[in-house]
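Residue numbers (my numbering), protein chains in the order written: chain A, 1 to 119; chain B, 120 to 607; chain C, 608 to 1115.
No wet-lab data here; the hints were simulated from the structure.
No residue lacks a Cβ here, since even glycine has one placed at the ideal position from N, Cα and C.
It cannot be assumed that every hint is accurate.
[Claimed, not checked] Here are a few chain B residues that face chain A, going by a calculated C-beta distance under 8 Å:
| # | residue |
| --- | --- |
| 1 | Asn123 |
| 2 | Val142 |
| 3 | Ile145 |
| 4 | Tyr265 |
[Stated by the list, open to error] Result set (DSBU-like, lysine-lysine): computed pairs, CA atoms no more than 30 Å apart in a straight line:
| # | chain 1 | residue 1 | chain 2 | residue 2 |
| --- | --- | --- | --- | --- |
| 5 | B | Lys566 | A | Lys57 |
| 6 | B | Lys283 | A | Lys113 |
| 7 | B | Lys566 | C | Lys716 |
| 8 | C | Lys719 | C | Lys892 |
Below, each chain spelled out in residue letters.
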Amino acid sequence: MEFASFAVFFIIACTLSAVLLGISSLLGQKRKAIREMDIYESGVNPVGSATRQYDIKFFLTAILFLLFDVEIVFLLPWAMAYNGAPDQTFMMWGFVFFMAILLVGYIFVINSKALKWEE
Amino acid sequence: MYLNYLANISRYIPEILLVGLMVGLILIETTYKEDDKNKRYIFIAAIVGLIATFVSLVANLSGKPEAIFSNSMIIDPFSTSMKMIMVLGTLGSYYLSTISKDVYESLKTEFIIMAVGILIGGFILASANNMLMIFIGIETLSILSYVMASLKKNDERSSEAGLKYALYGGISSGLMLFGMSHMFGVLGTIQFSGMAATIATLDKAQMLILMPSFVLFFAGIGYKIAAVPFHMWSPDVYEGSPTPVTTLFAIVPKLAGIAALIRVTMIFFATPGPLRVGWVGLVMVIAALTMTVGNITAIGQKSVKRMLAYSSISHAGIMLAGLVMINEIGIRAVVFYAITYLFMTLVAFYITSIVQDKYGNDHFDRFQGLIYRYPFMAVMMTVVMLSLTGLPPLAGFVGKYNIIVALINSRNFTLAIILVLNSVISAYYYLKIVRLMTLKPQESNEKIEGFGFLNQLIIVAMTVPVLTLGIFWENVMAFAGSAKVFIQ
Amino acid sequence: MHGLLSWILWMPIIGMLGVLLIPKEKTSAMKWWSLVNTVITFALTIVLYCNFNQATPGMQEAFNVRIPWIAQFNIFYALGVDGISLPMILLTSLLFMLCILSSWTQIKKSIKGYFALLLLLQSTVFGVFMAMDFFLFYVYWEVMLIPMFFLIGVWGGENREYAAVKFFLYTFFGSLLMLVGIVALYFATGQTENSFNILALQGGHFTKLNLEIFGATVSFSKLFFIFMFVGFAIKVPVFPFHTWLPHAHVQAPTAISVILAGVLLKMGTYGFLRIAFPIFPDSAKYFGPAIAWLGLINVIYGALCAMAQTDVKKLIAYSSVSHMGFVMLGLAAMNVQGMNGAVLQMFNHGTSTAMMFFMIGIIYERSHHRYIVRPDGSRGFGGLYTQLPVYSIIFIIGMFASMGLPGLSGFISEALIFLGIYEKFTTITILALIGLLIGAAYLLWMFKRMFFGDVNPEVKDYTDMTKLEIGYMIPLCITVIVFGIFPAPILNIMKASVGQLVSLLATF
């Protein structure tokens, strides 16, 4: 069937990875793992822990950016479809409605002071 | 073409009302300061908005079924009935949130805003006619649910619930998309009607690919309705979330998922064939497993909310068993069962929430001796527990009876016997609460503030359908029978 | 006359509503109201008896009620009475009236709830005996569990919760199996108007029907007969399913034990007579020997267990198992004498066991224990005969009726049963006679240990029976003695209907 080549590819990929990993684990040198679990800091001895608690406002800003960015991204195909479409008024009002809902969300964000950084 | 869309909007009024309600509530909440007067306005606005939605749904019932928005959603009596049940469930859980201490004072408006959002997601899911709509519905439901599950900000159990729900939901959505993409690949369209037409022309190799993708698709919806083996999130999430949120979870996502499943089943598997045999077998096995696992694990629980979570898993299993028939009798039985399930769940969670608010935990022993302190409430809880077991002359019995009738009509004797045996197993743990309330002496003589006159009245008003639907069920059954699925 | 059955059925509900409306403090008002209510019900059943036509087999046309309830599913509110259910209805109304009198002084807490639940129980039991629609029958069969659960669980003995839960779950399981049978019958008859009509289902229409289950062809009739059998057998109780009985009987308060033994056990055998045998006569004939052997095991096993008991109430509970074994034997005989004997034994056992449980309740009021022999070996009672003469006489009447002494009612029914099974199952007859002997043995031995011998010091303080107690024992004494000498009033009711059933069974 037509999937024969795909099957061969899949089997070779799995076998190759398994063989490589297996042979390297069997034949390779055993090292103590202490040094290699250290955090990499460009040859210098690392200071402090790598994970640190950060303020949630960064995360919040990133998420809100994502939301409004996606809204802008939707603008692009809409603009492409708008060009030369038969019912342009309807299309405009449709998109205005969509933006209005997101505008309400924006008003919510502003009024609940989610973007105020000093407080 | 847009005139067509404008005409369709007239059938889409309930959802538009809900969106307007959500937007309005967001605006009111953020622009006016928080004091009692504004809280009351928000309360009235929310209740009025939900009742208006219910009224517009009733108006929708009388129109003829049609497919709107270029065949992406279907407005038919079946989806409208399920939406009506979902609105009543949201109304019930909203009132519970206003009297419950589990939802913090500052977050009570956010509760209703997100609940309305979940309701919109449920509406989309119930009306969905193509795969994209199902995915949108599930995601709208899920994302807001993740937030609502962790509404108790300072409680670690609540955050754990939200995190578990989010992780589990994310994986399930991914799996479901994977299945859907394969279905699209084989069938060439996301529109259900087109898919059903293409299925008839498939050859064996394509059917072989299609069956696992259907299983993955079922996994996504099964996770929403907490079917076994996709149910592991359910007890932790139900127990950790604030009780009004649990009430919402027990009703809206479950019924929405079952509505979507019914529509998918009726469209794809109406004609006999190897796919139908596979699907029916899958749903039968999952229904049997769900009922049994839900019931057996509920026996050992020490927390009432967790027990109710497991019991709602088993009730979802019973509704899945009603799905197996793929005919109108089965759908009628499931819709009737959903109506009875709504009232029973609401009353059970109301009483649990009020008792939990008083004592801080929902351990079984908090119910001890309730009949001596609040006889009415204990009787209502007893009625609801016995109805959940399936004892005549209560509504739960009639629901189960109709599903047994539908099962035996299509010769599914094994599933009927499993359902019957599960009723006995469930009797054990429902009786545990009844026993503690009525047979044991009371712990203390304290007043439970939540059982004021208004709340008791509301609880009694919600139990009255449980009592009357057990004896005079013909009219509601006729209503359930008119909820036909429109296929286009 | 058409409304008479509905009046009998709903009169206890009116009583229950009245009890619920009376304020909590006025306990004597509640008791008098319940008493008046049950007396009216009893009078109505006497009216029913007088208007009953003893010559017609089958349902009495004059009393039939048939109103559509859920017309879409062919469910009717259908009531009817015939020769088999009339003795049961009479027994129910009599025993409940006496139970109200017995509970007058014995129940001390939550009196309102007790009497309300008791009256609700009476209505549901009437419903089971009168229902002619299968769905209605099932609803009443299940609803009976709710008041029983609370009555045993709240007002019972030390281990009452376990007994109540076990009773509930066991019986619930049996009735659910019956539900599957009911729905299957509904579909087998094609969902017509008569699909739940018990009368229309009777007559063996399903002999040729077969089912395909997992590839094997199973006879519809046999499979669902077994389902119905298990459902009813749990109630009777037949040997493997009897383990709920000792607990429920011992832990329940006196009046509830009387109702349980006197009426509820009869519901199981009534189910056989009304439903399992007429609807599936071919399977009944096929499984007849099995039923007979199970009945025999009931007789012997129940008797031997009773012999070993030290708790008097448990002893009588096991003797109930034994006596219901006799009823099963009579049913298995499937001839005129056997079945008449079985129905008569249902009535007689109701009265004699009721007497025994009442008596035990009376002595428990005084002694607050039920040990014949205490766990440490000392005697619980002794010498009651000299201290409580009136009590002993009535106890003797009850005990001998239970034993089957000629002259008292138990003898007639047991004799008829033996006459019935002798030809078909001779070995079983002989072995059952041994059961009869063991029955006499444990009853007399119990009597000796409790009533004869040296007077136990505690017994000296016991008072003899009060006027109230004598009052409610007298009707049962009269019943037991009169029907032992002259059973015609009861026997004549059932002859026509039982004859019809026997001739139906004979044609298969």
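Does Ile145 (chain B) meet its interface restraint, that is, does its C-beta lie within less than 8 Å of any C-beta in chain A? Cβ of Ile145 (chain B) sits 5 Å from chain A, so the hint holds.
Does the nearest C-beta of chain A fall within a distance shorter than 8 Å of the C-beta of Asn123 (chain B)? Violated, because the Cβ-Cβ distance from Asn123 (chain B) to chain A comes to roughly 10 Å (cut-off 8 Å).
Quick one, are Lys566 (chain B) and Lys716 (chain C) close enough, alpha carbons at most 30 Å? Roughly 22 Å separates the two Cα atoms, so the pair holds.
Pairwise hint evaluation, Lys113 (chain A) against Lys283 (chain B), where the allowed Cα distance is 30 Å at most: holds, 28 Å
Report holds or violated for the interface hint on Tyr265 (chain B), using the least CB-CB distance to chain A and a cut-off of 8 Å. Constraint on Tyr265 (chain B) not satisfied, violated at 13 Å.
Agreement of Lys719 (chain C) and Lys892 (chain C) with the hint, judged by alpha carbon distance not exceeding 30 Å: Violated, at about 48 Å.
Using 8 Å as the Cβ threshold, decide whether Val142 (chain B) counts as touching chain A. Where the cut-off is 8 Å and the nearest Cβ of chain A is about 5 Å from Val142 (chain B), the hint holds.
Straight-line alpha-carbon gap Lys566 (chain B) to Lys57 (chain A), limit 30 Å: Not OK: Lys566 (chain B) and Lys57 (chain A) at ~44 Å, beyond 30 Å, violated.
Taken one by one, the earlier hints fail for this structure at numbers 1, 4, 5, 8, listed in ascending order.
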